[in-house]
Amino acid sequence: MTSGPPSVSPSLVILQPTALCNLNCSYCYLPDRRDRELMSDEVLQACASFVFSCDLRGSEIEFLWHAGEPLAAGLAFYKRAFALIAERAPKGLRVRHIVQMNGTLLNQAWCDLFAEYEVDTGLSVDGPAEIHDLSRRTWSGRPTHAKVMQGYRLLRRNGLVPGALCVLTPESLKWPDKMYDFFKEAGFRSVGFNVEESEGVYRRSRLQEVAAEQIRASYDSFMRRIWQRWRADGGPMIIREFHVMLGCMLTAHEPDLVREPLEAIPFSIITIRRDGRLSTFSPELASTPSSEYGNFILGNVLTDTPSQVARSAEFARLRDEVAVGQERCKQSCEYYKLCGGGFQSNRFTEHGSFHATETLTCRLHRKTLADVIVDELASESRKLVLEKAV
Amino acid sequence: MADKQSQTAPDSEIDHVERVCDIGGGLSKDLAERLKEIDPELLILVARGNPYAATNLSAAQAEAALPSSILATIQSWNQSSWNNSFRDGGTWTNTWAQSPAIR
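Top to bottom, those sequences are chains F and C.
Letter by letter, the first sequence follows residues 1 to 390 in this note's numbering.
Letter by letter, the second sequence follows residues 1 to 103 in this note's numbering.
Isolated chain F (complex conformation) (with noise of 0.2 Å):
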């Protein structure tokens, strides 16, 4: 379909340096959580060089430490990664860490390491105790809520302000305003929320086992309560799913304009687990088992160079399939300006093919989402004309 190998130009590296992780989350997508195999030095410099050897076209470029617990990795590792990164960064490129952790394994150590590097953190944290610890828990089934607010007031004890990344499950679906109320009395700055997902070895979340319009009309009833009590308090933390609609909505008259989700894009971001083999689109495939696909290995930064990736037989049918299903978005899809198509790894898990096109999360996260948020600011619209008319 799509002619000639792409630049290979990432703006956005995750690195899988451990599969290890201390939680067992009841809806996590991580396959080998107990291998406690540790990327290598050798596979740490060559991530360095490989990266380094892309075609980097901005003045930054971020690395997002992930998947599965990072800190199970050890100080020391990442002691080890911030000075070679730093070390083989070409000049004038502004490199930006990311840690997304669950927060149980930080301490004073961590804090100093990330305040040294302007390390910025991502915690995972499902809301109040009674419904995180639904979910998020040991290996051995004990809660985790405590630890976890244990290290963000370390972290904020250290001057860091770590966003939220929230799973929406069907319990916590039930209680916008305890959910509200639990971010914003806690003083995170940000909160993401994500649904649960059938993604990775976690093949059917349970929010598809509810029926589509019923699920739809939960999240639907959620996502507006939040609104609402985001607007009557003028909307200082910054919720994400809000502000990058709010952001695509501002053009949404601009007939050229169209959203383009980083994981729809070849290359913009590449993630490269701990033995250096590397994949594209969304990150969560590299989680993915497929013997059709290869696992969607594409490459290793041991043995290839990114122009030798972008010309494998591997990636050109992987972009390909990514491209049919995009176009027929573009084509099927009265909401395709507001979300660009992506969700690559929700396709393929959900329905076994990139060319599907509606997946559970398209379906709450961009339709219903912009549903709400259209009816929320319409209506608000009314009334200010109703109250300039008096």
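For the record, the hints were derived by calculation from the structure and aren't laboratory data.
Since we're looking at a predicted model, the values are computed, not measured.
Watch out, some of these pointers could steer you wrong.
[What the hints assert, rightly or not] Result set (PhoX-like, lysine-lysine): computed pairs, CA atoms no more than 25 Å apart in a straight line:
| hint | chain 1 | residue 1 | chain 2 | residue 2 |
| --- | --- | --- | --- | --- |
| 1 | F | LYS330 | C | LYS29 |
| 2 | F | LYS388 | C | LYS36 |
| 3 | F | LYS178 | F | LYS147 |
| 4 | F | LYS174 | C | LYS36 |
| 5 | F | LYS388 | F | LYS330 |
| 6 | F | LYS367 | C | LYS36 |
| 7 | C | LYS29 | F | LYS383 |
| 8 | F | LYS367 | C | LYS29 |
| 9 | F | LYS91 | F | LYS79 |
| 10 | F | LYS178 | F | LYS79 |
| 11 | F | LYS184 | F | LYS147 |
| 12 | F | LYS383 | C | LYS36 |
| 13 | F | LYS174 | F | LYS184 |
| 14 | F | LYS174 | F | LYS383 |
Given chain F's structure and the hints, the job is docking chain C onto it.
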């Protein structure tokens, strides 16, 4: 029967296709109309409530797209927010601890 079906799509299907084909850039007529019900100033105000109001456009695209009055308003918020917000692709990762890619 199968031939007949392939020659003549059901009315509901035609309606759907026409409705969707009318989007001319990715929005259904219905959704575009609903968006028009929103007071543009209110939209800006609400987005402004979030100091990092963003689009997934590059700065050049955004500047080209936005009416100058809106552009001036947004630029006046905060120049660094503007730079962060309108960065191509990554958009809000600059202002966000976690990545959009992590779902």
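Evaluated hints:
Between LYS330/F and LYS29/C the CA atoms are separated by roughly 15 Å; this keeps the pair inside 25 Å, and the hint holds. Of the supplied pair hints, the one linking LYS388/F and LYS36/C holds, its CA atoms being roughly 18 Å apart against a limit of 25 Å. For a cut-off of 25 Å, the pair hint linking LYS178/F to LYS147/F stands: about 20 Å separates their Cα positions. Restraint check for LYS174/F and LYS36/C: the C-alpha separation of about 32 Å exceeds 25 Å, so the hint is violated.
Using a Cα cut-off of 25 Å, the hinted pair LYS388/F and LYS330/F is violated, with the two alpha carbons roughly 39 Å apart. Annotation: proposed proximity of LYS367/F to LYS36/C holds, straight-line Cα distance about 17 Å (limit 25 Å). With a CA separation close to 24 Å, the supplied pair LYS29/C and LYS383/F stays within the 25 Å bound. For the hint linking LYS367/F to LYS29/C, the alpha-carbon distance of about 15 Å falls within 25 Å, and the restraint holds.
Between LYS91/F and LYS79/F the CA atoms are separated by roughly 20 Å; this keeps the pair inside 25 Å, and the hint holds. Taking the CA atoms of LYS178/F and LYS79/F, the gap is near 39 Å; set against the 25 Å cutoff, the hint is violated. For the hint linking LYS184/F to LYS147/F, the alpha-carbon distance of about 19 Å falls within 25 Å, and the restraint holds. Restraint check for LYS383/F and LYS36/C: the C-alpha separation of about 15 Å stays at or below 25 Å, so the hint holds.
Taking the CA atoms of LYS174/F and LYS184/F, the gap is near 18 Å; set against the 25 Å cutoff, the hint holds. Between LYS174/F and LYS383/F the alpha-carbon distance is near 28 Å, which puts this suggested pair outside the 25 Å criterion.
In this structure, the hints that do not hold are numbers 4, 5, 10, 14, in rising order.
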